[in-house]
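Undergrad: Protein chains in written order, with this note's numbering: chain C, 1 to 307; chain F, 1 to 332.
Simulated from the structure, these hints should not be mistaken for lab results. The reader is advised that the hints may include incorrect statements.
Which residues of chain C face chain F? A partial, calculated answer using Cβ under 10 Å [what the hints assert, rightly or not]:
id, residue
1, 50
2, 85
3, 138
4, 151
5, 152
6, 161
7, 239
8, 277
9, 280
Listed next, with one range per pair, are the computed distances between beta-carbon atoms [claimed, not checked]:
id, chain 1, residue 1, chain 2, residue 2, range
10, F, 241, C, 64, 56 to 62 Å
11, F, 163, C, 29, 55 to 61 Å
12, F, 107, C, 28, 51 to 57 Å
13, C, 299, F, 4, 33 to 39 Å
14, C, 41, F, 164, 37 to 43 Å
15, F, 14, C, 251, 40 to 46 Å
16, C, 271, F, 164, 46 to 52 Å
17, F, 164, C, 190, 54 to 60 Å
18, C, 114, F, 107, 37 to 43 Å
19, C, 251, F, 107, 52 to 58 Å
20, C, 251, F, 195, 42 to 48 Å
21, C, 114, F, 321, 35 to 41 Å
Note that CB positions come from ideal geometry on N, CA and C, so glycine has one too.
If you want the building blocks of each chain, they are given just below.
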Amino acid sequence: MNLAVEGGVVGSAPQAGSHEFDAAKTRTQGQLVLRRFLRHRLAMVSLGVFVFLVLFAFLGPFLWTYDYEDVTSKSYQPMSGAHPLGTTQVGKDMLALLMRGTAYSLQIALIVAALATVIGVTFGALAGYLRGFVDTALMRLVDLLLIIPQIAVAAIVVKGFSGSWYVVALVLAAFAWMQIARITRGETLSLAQREFVEAARACGASTPRIIFKHLVPNMIGSITVNATLAIAAAVLTEAALSFLGLGVQPPDTSLGVIVLENYGQFLNRPWLFWGPFIVLVSLSLAVNFIGDGLRDAFDPRQTKVRA
Amino acid sequence: MIRYIIRRLLISVPILLIGSFACYVLVATAGNPLAEMRFRPGVTEADIKAAEISLGLDQPVVVRYWNWLIGFLSGDWGQSIALGQAKTAVFPAVTDALWTTGRLVIGAELLALTLGVAVGVLAAVRQYSIFDYLATSTAFLMFSMPIFCVAVIVKNYGIQFNNVLESMGLDRWLTTAGPRPGGFTGSFGEVVFKYTGTFLLPTVALMLISFAAYSRFERASMLEILHSDFVRTARAKGISQGRVVFRHAFRNALIPVATLFSLNFGAVLSGAIITETVFGWSGMGTLLVNSVRQFDPPMLMGWLAVTATLIVLFNLIADIVYGVLDPRIRLG
Chain C
1 MNLAVEGGVV
11 GSAPQAGSHE
21 FDAAKTRTQG
31 QLVLRRFLRH
41 RLAMVSLGVF
51 VFLVLFAFLG
61 PFLWTYDYED
71 VTSKSYQPMS
81 GAHPLGTTQV
91 GKDMLALLMR
101 GTAYSLQIAL
111 IVAALATVIG
121 VTFGALAGYL
131 RGFVDTALMR
141 LVDLLLIIPQ
151 IAVAAIVVKG
161 FSGSWYVVAL
171 VLAAFAWMQI
181 ARITRGETLS
191 LAQREFVEAA
201 RACGASTPRI
211 IFKHLVPNMI
221 GSITVNATLA
231 IAAAVLTEAA
241 LSFLGLGVQP
251 PDTSLGVIVL
261 ENYGQFLNRP
271 WLFWGPFIVL
281 VSLSLAVNFI
291 GDGLRDAFDP
301 RQTKVRA
Chain F
1 MIRYIIRRLL
11 ISVPILLIGS
21 FACYVLVATA
31 GNPLAEMRFR
41 PGVTEADIKA
51 AEISLGLDQP
61 VVVRYWNWLI
71 GFLSGDWGQS
81 IALGQAKTAV
91 FPAVTDALWT
101 TGRLVIGAEL
111 LALTLGVAVG
121 VLAAVRQYSI
131 FDYLATSTAF
141 LMFSMPIFCV
151 AVIVKNYGIQ
161 FNNVLESMGL
171 DRWLTTAGPR
181 PGGFTGSFGE
191 VVFKYTGTFL
201 LPTVALMLIS
211 FAAYSRFERA
221 SMLEILHSDF
231 VRTARAKGIS
241 QGRVVFRHAF
251 RNALIPVATL
261 FSLNFGAVLS
271 GAIITETVFG
281 WSGMGTLLVN
291 SVRQFDPPML
301 MGWLAVTATL
311 IVLFNLIADI
321 VYGVLDPRIR
331 LG
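Full structure from sequences and hints, please.
TA: If you want it as structure tokens, here you go:
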């Protein structure tokens with residue numbers, strides 16, 4: 001481990017610990033983490049990209065001339081001043097469509113990540129803290145969900161109920177919480193053995209209080225990191241599902257739907273493919289990099305050794 | 001070991017039963033396979049009633065599940081009930097699709113594993129070299145890449161490559177619309193030519209995606225082992241670098257990757273579904289998409305049962321492989 005740490009401080013990532021102590025200024029754990037995160041260049045650039053995409057998706061429609069539902073009379077316009085990314089077959093403005101699609105993809109991904117985190121942390125912490133029956137039941141449930149392909153279940157639910165974005169979000173969340181639950185369970189198992197938990201219990205703290213006041217704050221690092229990674233995963237899963245025609249249904253749109261409707265034009269009108277492609281990739285890359293930056297900020301010992 | 005395998009198999013049985021029941025309830029509540037029938041002209045209430053009874057839809061879900069289960073276990077997987085289609089049996093449809101997908105996936109996965117491990121080991125041994133940065137950032141990029149976009153890009157560059165071939169007066173080589181039915185005929189050279197042309201693009205698309213995961217994983221586990229005490233001891237004894245890397249480190253670093261390889265099955269399957277759709281192969285992906293669109297419960301149940309069983313089997317294989325490769329892990 002020591003070797004790894006020495007290797008770790010070579011790169012551009014912030015040096016943890018030593019010089020921050022030299023500053024002789026007391027900082028809280030949170031301030032330290034924030035400082036490390038703010039100094040993580042790649043993560044900051046990614047945060048900028050992410051904020052830009054959020055503004056593009058939610059503020060853009062107010063500024064841009066066309067609405068995603070507007071059908072102009074001009075089919076398959078090339079890139080021009082009036083339509084920077086051209087128009088689709090039915091004459092919709094691609095830029096307006098992209099704003100709407102990004103907004104939907106973001107909405108879905110954020111809700112999936114939020115639900116998955118809440119469910120995963122609650123279940124994982126309960127299982128790890130209570131052990132015994134609760135633990136067994138949870139792990140069996142995870143086993144059960146792992147053997148059923150998510151893509152099939154999501155497709156059946158969307159077909160049977162509706163292709164509204166919140167249905168898609170709920171199905172994706174139903175499969176996304178397991179990873180977080182496992183990690184939380186693992187950390188809870190070791191944290192629950194520590195003296196401060198024993199002390200809390202001796203003082204008569206209730207189980208929910210121990211879990212949410214004493215255990216969860218100690219795991220906030222890995223929870224935040226995994227929530228971020230869950231956003232990236234949700235963006236890609238939603239897009240894949242919609243691309244198969246089994247997710248968000250037209251006239252609603254998402255980045256996956258836009259690619260599905262336009263990828264046939266790859267050779268003749270490449271901008272119709274590359275536009276949504278670049279938005280999709282920069283969204284998932286940015287979120288992944290932010291997650292990486294957060295991981296480095298919360299646990300500087302891991303810097304550069306992980307894959 | 002054998003006792004462990006038997007026990008694991010026995011544990012899998014209730015999981016598979018509960019899983020298939022959950023799937024059955026889901027499929028049963030998700031839609032009515034006769035819904036479309038109501039909109040067709042000349043269909044009376046009595047016709048619908050008769051169809052319901054012939055499909056057993058008037059019975060409670062538990063009874064229907066029981067009948068399905070008995071049928072499934074005795075090899076009678078039922079008939080497709082999608083309207084407007086000849087009644088196809090579920091069993092051959094699913095096994096054919098599985099064979100198509102299997103041929104594609106096995107080659108792509110083995111290639112991805114070999115390449116991923118090679119790149120991962122090199123990146124770990126030459127840590128922080130240009131090669132390492134290149135490999136790590138490529139893997140990171142591929143990891144954040146939507147699978148269907150990779151497939152679309154690969155497919156379209158394949159088409160352009162074909163156009164170049166044609167403009168040079170050669171035959172179009174790469175197939176972008178699925179394998180031709182009836183297999184490959186002609187002389188040996190022709191068969192090889194057609195075979196590679198058919199498989200190359202989807203294999204590359206599928207491989208690129210898995211490759212990222214394997215190389216990242218192999219690099220991480222190799223790095224961890226290269227920094228461990230027993231490797232330092234081996235170096236201290238004066239063993240050559242090559243011997244340390246391949247004899248001592250590499251073998252141990254393969255263990256987690258071998259597990260990932262067998263556990264990755266679910267992810268590979270969904271990757272295959274997308275790749276197949278883009279390249280027009282009629283495998284498991286196309287079967288799923290069509291059965292969902294036409295809402296065909298017997299076909300969906302056959303599909304779900306086969307994939308669930310396969311995933312359970314692969315998980316078991318992963319555990320056994322782990323136990324065989326690493327004797328420190330006691331199965332039991």
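Undergrad: Hint by hint, say whether it matches the structure.
TA: Status of each hint after checking the structure:
Given the 10 Å rule on beta carbons, the hint for residue 50 of chain C is violated: about 13 Å separates it from the nearest Cβ of chain F. Checking residue 85 of chain C against chain F: minimum C-beta separation of about 16 Å lies over 10 Å; hint violated. A least Cβ separation of about 14 Å between residue 138 of chain C and chain F goes past the 10 Å threshold, and the interface hint is therefore violated. Interface restraint check: residue 151 of chain C against chain F, minimum CB-CB distance 5 Å, threshold 10 Å, status holds.
Checking residue 152 of chain C against chain F: minimum C-beta separation of about 6 Å stays under 10 Å; hint holds. With 10 Å as the threshold, the beta carbon of residue 161 of chain C comes within range of chain F, its nearest partner Cβ sitting at about 7 Å, so the hint holds. The restraint placing residue 239 of chain C at the interface with chain F holds, with a minimum CB-CB distance near 5 Å, inside the 10 Å limit. The beta carbon of residue 277 of chain C comes within 5 Å of a beta carbon in chain F, closer than 10 Å, and the hint placing it at the interface holds.
For residue 280 of chain C, the suggested interface contact is upheld, since its CB lies about 6 Å from the closest CB of chain F, less than 10 Å. Between residue 241 of chain F and residue 64 of chain C the beta carbons are some 59 Å apart, a value that agrees with the proposed interval 56 to 62 Å. Taking the beta carbon of each, residue 163 of chain F and residue 29 of chain C are about 60 Å apart, inside 55 to 61 Å as hinted. Our hint of 51 to 57 Å for residue 107 of chain F and residue 28 of chain C holds, since their Cβ atoms are close to 54 Å apart.
A hinted range of 33 to 39 Å for the beta carbons of residue 299 of chain C and residue 4 of chain F is consistent with their spacing of about 35 Å. Judged by the Cβ atoms, the range 37 to 43 Å given for residue 41 of chain C and residue 164 of chain F holds: they are separated by roughly 41 Å. A beta carbon spacing of about 44 Å between residue 14 of chain F and residue 251 of chain C agrees with the range 40 to 46 Å that was offered as a hint. For residue 271 of chain C and residue 164 of chain F, the Cβ-Cβ distance of about 22 Å falls outside the hinted range of 46 to 52 Å, so the restraint is violated.
The given range of 54 to 60 Å is respected by residue 164 of chain F and residue 190 of chain C, whose C-beta atoms sit roughly 59 Å from each other. Checked against the hint of 37 to 43 Å, the C-beta distance between residue 114 of chain C and residue 107 of chain F comes to roughly 40 Å, which is consistent with it. A hinted range of 52 to 58 Å is violated for the C-beta pair residue 251 of chain C and residue 107 of chain F, which are about 40 Å apart. In this structure the supplied range 42 to 48 Å holds for residue 251 of chain C paired with residue 195 of chain F, their Cβ-Cβ distance being about 43 Å.
Evaluation of the 35 to 41 Å hint for residue 114 of chain C and residue 321 of chain F yields a pass: the beta carbon distance comes to about 37 Å.
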